[in-house]
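Chains as they are written, first to last, in this note's numbering: chain E, 1248 to 1351; chain U, 10 to 620; chain C, 309 to 477.
It is worth saying that the hints were derived from the structure and are not from the lab. There's no promise every hint is true.
To be verified - Derived DMTMM-like pairs: lysine to aspartate or glutamate, alpha-carbon spacing no greater than 25 Å straight-line: (1) K216(U) <-> E200(U); (2) K435(C) <-> E450(C); (3) K435(C) <-> D1308(E); (4) K216(U) <-> E280(U); (5) K1339(E) <-> E1323(E); (6) K216(U) <-> E486(U); (7) K1339(E) <-> E393(C); (8) K1339(E) <-> E390(C).
Claimed, not checked - On the chain E side, residues computed to face chain C include the following (Cβ under 8 Å): (9) A1264; (10) L1270; (11) V1271; (12) N1291; (13) L1330.
Said to hold, decoys possible - Some chain U residues well away from chain C (every beta-carbon gap over 10 Å; in silico): (14) R177; (15) V294; (16) A499; (17) N531; (18) Q540; (19) A550; (20) Y560.
C-beta atoms are modelled at their ideal positions from N, C-alpha and C, and glycine is treated no differently.
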Amino acid sequence: MPGLQVPLEHVLMMAAALFIAGLVGLMVRRNIIFILMSLEVMLNASALAFVAAGAHWGQADGQIIFMLILTVAAAEVSVGLGLVLLLQRRFKTLDMDNANRLRD
Amino acid sequence: MLDFLWLIPLLPLASAALLMVTAGSLPRPLIAACGAGSVGLAALCVLLTGLSWAHDPVPRQMELWTWMQVGTLRPTIGFYLDGLTLVMMSVITGVGFLIHLYSTEFMEEDESLSRYFAYMNLFVAAMLILVMADNLLFLYLGWEGVGLCSYLLVGFWYRDPVNGAAARKAFVVTRIGDTAMALGLLLLFTELGTLDIQQLAELAQGKWQPGDTTIVLATALLLGGAVGKSAQLPLHTWLPDAMAGPTPVSALIHAATMVTAGVYLIARNHELFLLAPPTLLAVAVLGLLTLLLAAFTALNQHDIKRILAYSTISQIGYMFLGLGVGAWSAGIFHLVTHAFFKALLFLAAGAVIHCLHHEHNIFRMGGLRTRLPVAFWSFLIGSAALAALPFTSGFYSKDQILLAAYQWPQIGPWLWAGGLLGALLTAIYSFRLVFIVFFGEAQTEPDRQPGWRMALPLSILCVASIVGGWISLPLAEALPATQSGHPAAAVEWISIAIPVIGVSLAYLIFLGRQLDLSALVNSGLGQRLHQFWYSGWRMDALYNWLWVRPYQFTARLLKDEPVDLAYNGVVHTSVALHHLLSNLQTGRMRWYASTMVGGLIVLLAVLARAG
Amino acid sequence: MMESLFYMAGFVAFTATVLSLSRTNATHALIYLIISLLAVAVMFYLMGAPFAAALEIVVYAGAIMVLFVFVIMMLNLGQAGEQRERQWLAPRIWIVPTLLALILLVEMALAITQISGTTSGVEVTPKEVGLTLFGPYLLAVEIASMLLLAGLVGAYHLGRRSIDRSRQS
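Next up, chain E with everything else stripped away, as it sits in the complex (with noise of 0.2 Å):
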């Protein structure tokens, strides 16, 4: 497969912009399922800047991390949908601003 030549930077946009879209989303949403999206999103988008950084130097590291970071994704996700139908039995809402125990 010939090799595909773009400029790092773009690369690094281009997840930069990912990552806060999933920020805003962070930030905005109040439905406790976007906020774990969002989250998905955020942690793609900072898989893309090792895979590009990988691609850079021909290494395999950054295909490793993204690795690391799938498993991490898989683990929250997996403990994330469990408060989700736990926050739902509960409180029956999946609104986060509802879960405001912390405070006290």
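Position chains U and C relative to chain E; hints supplied.
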């Protein structure tokens, strides 16, 4: 018996513990039997110990176990037995037993009989530890123990705030002396590395020349402790107030035993004091000043117990004088005879008070000679011994002290003259008491007569007060001999004559009325002098003005804790800030995320600037 | 040709993400998110990371997103949920987060523009990845396995409690 030395303090201690634990739930006769019986048994043990020790009269050290070990400090729970210890033990348990026996009747109607005997037994145990200890730290334990018991017993009738105040005064004032003594112990330990009394004496003699500054300082600090406990100038003010306790307590603690602890301390450490002539001189001078001051004060009191209290201070002054002029065994001798006759006087006074509805003022007594014959004879014999009339016990001991003072180089004759003046005053005030209380017009009728448990100790003490002077104390090994040599016969005759003159004067003034001093007394100067002496040379007022007032002023000043204002300010500020900050904690995840982004922005900006 | 493909994939990824996160219907949002992930997978592939691209599709788009689908189905939000979402997404709510995000983006952009260089175009094969993974990164693999185990236990614990409660009620 010598192997069971530890039994002697243990008996009263165990009884005290038992009485404290049962807290008055035992039947009253059993409480009395336990309280008095334990001391009686201890007295028996002392007697047996004395008999077996007499076979082989050498000092013995008996170490039970190591109290604690910190570096080179290794005080033991150990006893030291020599003639001096034996004498002190005999006095404590013997006189103590008689007073306990007397108490069983005197305190018969008191509701807290158990508490009383618990404290008394604890006191006897602590006092025995004090005199039997082989090292100064263990001695200090007993020293503090008797101080504690004194506090508890002075404030025994704690429902009256006056008694509580007297107890606190006794505790605080003696604490000043105790602090000095603790400093003395520390100094001795840092210098010599041990607190064992015998080792201290040896090491000190090897290390210091007589008059060395360090040893003078150390002995002066020990003297501070002795002065506090023995109510000598300038820490004597607590003893008259300590009469707030029950009369047997005054007899046992504040006359016969505890207040002589200072005398014992100096005698026990006489090797150290011999290395410090300036301190010895201070001992003598302090003793002389105290005995004169207290004698003048005693002459002007109305309260029968206060008179006896001041006479106690005065007599301990004699003991100090004796120690100061090197008449060690004479000082201890006087301690013993004083224990007899002062216990007798206090117990007789207690009998009078007991039978006269708790009347203390001598001017409301009178004519009791026929009505309370037991108390009268006891008082008469006790006063005769106190005044040192010839052939009573007090005569022999006081005479020895005065003769030793006369022979003391330099200011010896002055000390002797002062002592004689004191003896004259002693004779006057003691017989003033006898004449006013037991002769003349009857003022108050007694409502009862002392029973056998009061009469028996009184009679035994009467005998002891008379024949006490003929006992030869086994002090030759324990204490250095007094300088021998007979002074001029005139000196001896004067010593004998002075008490007789004093008694005659008292008779002329207070009973026969041949000598009318009312004009002198009622004159302006006389009134002022009377007031001055009545208040104990205004010492209380002086201390009040010098220490108590400034202290209270400072306390009032600091009551609102001005220093804490700054700290409270810090607290209030941080609380306010906390409330401010806790508003940030909304519990909303979106808010947290936004603030994190804000922080991230700032962080990135800073990093970009730095990079 | 390939460059344009790459930029197109980037454009799709970003647009799909924005659309995904602004939806009111969770299922629609999920579909958009999967599209975004697929586009990123294309970018991975084009940058010479075929293994990462495969994992992105299989694990991310395949497994994780399916989990989301299951949960959304279980919750069964329906029409009322959409209504509520619309209320929650009032326009003024967007102002501050967007502003913050834009500032952050500007800062990141300033930092990124200082980087020069291109992707090498060399393909890093799955074999290389595997060798590195089980060579120098062995410990990281172990730690990741522990993390997955913890996630498993946590998810089981949370799920079991909610199941128990639903049985009781």
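We went through each hint and held it up to the structure:
Taken as a hint, the K216(U) and E200(U) pair is honoured in the structure, with Cα atoms around 9 Å apart against an allowance of 25 Å. Only pairs whose Cα atoms come within 25 Å are accepted, and K435(C) paired with E450(C) is accepted, the gap being roughly 19 Å. Distance hint between K435(C) and D1308(E) is fulfilled; the C-alpha atoms sit about 13 Å from each other, no more than 25 Å. A hinted pair counts as satisfied when its Cα atoms are at most 25 Å apart, and K216(U) with E280(U) qualifies at roughly 13 Å.
Between the alpha carbons of K1339(E) and E1323(E) the distance comes to roughly 22 Å, so the proposed pair stays at or under 25 Å and holds. Under the criterion of a C-alpha separation no larger than 25 Å, the hint pairing K216(U) with E486(U) is consistent with the structure, at around 23 Å. Only pairs whose Cα atoms come within 25 Å are accepted, and K1339(E) paired with E393(C) is accepted, the gap being roughly 15 Å. With a CA separation close to 16 Å, the supplied pair K1339(E) and E390(C) stays within the 25 Å bound.
The restraint placing A1264(E) at the interface with chain C holds, with a minimum CB-CB distance near 5 Å, inside the 8 Å limit. Of the supplied interface hints, the one on L1270(E) holds, with its beta-carbon coming within about 5 Å of a beta-carbon of chain C, less than 8 Å. Hint on V1271(E) holds. Least Cβ distance to chain C is approximately 5 Å, under the 8 Å limit. For N1291(E), the shortest C-beta to C-beta distance to chain C is roughly 6 Å, which falls under 8 Å, so the interface hint holds.
Taken as an interface hint, L1330(E) checks out: its beta carbon lies about 6 Å from the nearest beta carbon of chain C, inside 8 Å. With a cut of 10 Å on Cβ distances, R177(U) stays outside the contact zone with chain C, its closest approach being about 65 Å. Here V294(U) stays apart from chain C, with its beta-carbon at least about 86 Å from theirs, past the 10 Å limit. No Cβ of chain C approaches the Cβ of A499(U) within 10 Å, the least distance being about 109 Å, so the stated non-interface status holds.
For N531(U), the condition that its CB be more than 10 Å from all CB atoms of chain C holds, with the nearest at approximately 100 Å. Every Cβ of chain C is farther than 10 Å from the Cβ of Q540(U); the closest lies at roughly 88 Å, confirming the non-interface assignment. With a minimum CB-CB distance of about 78 Å to chain C, A550(U) clears the 10 Å threshold, and the non-interface call stands. Consistency note on Y560(U): stated as away from chain C, and its beta-carbon is indeed over 10 Å from all of that chain's, at 64 Å minimum.
The structure fails none of the hints (numbered hints given earlier).
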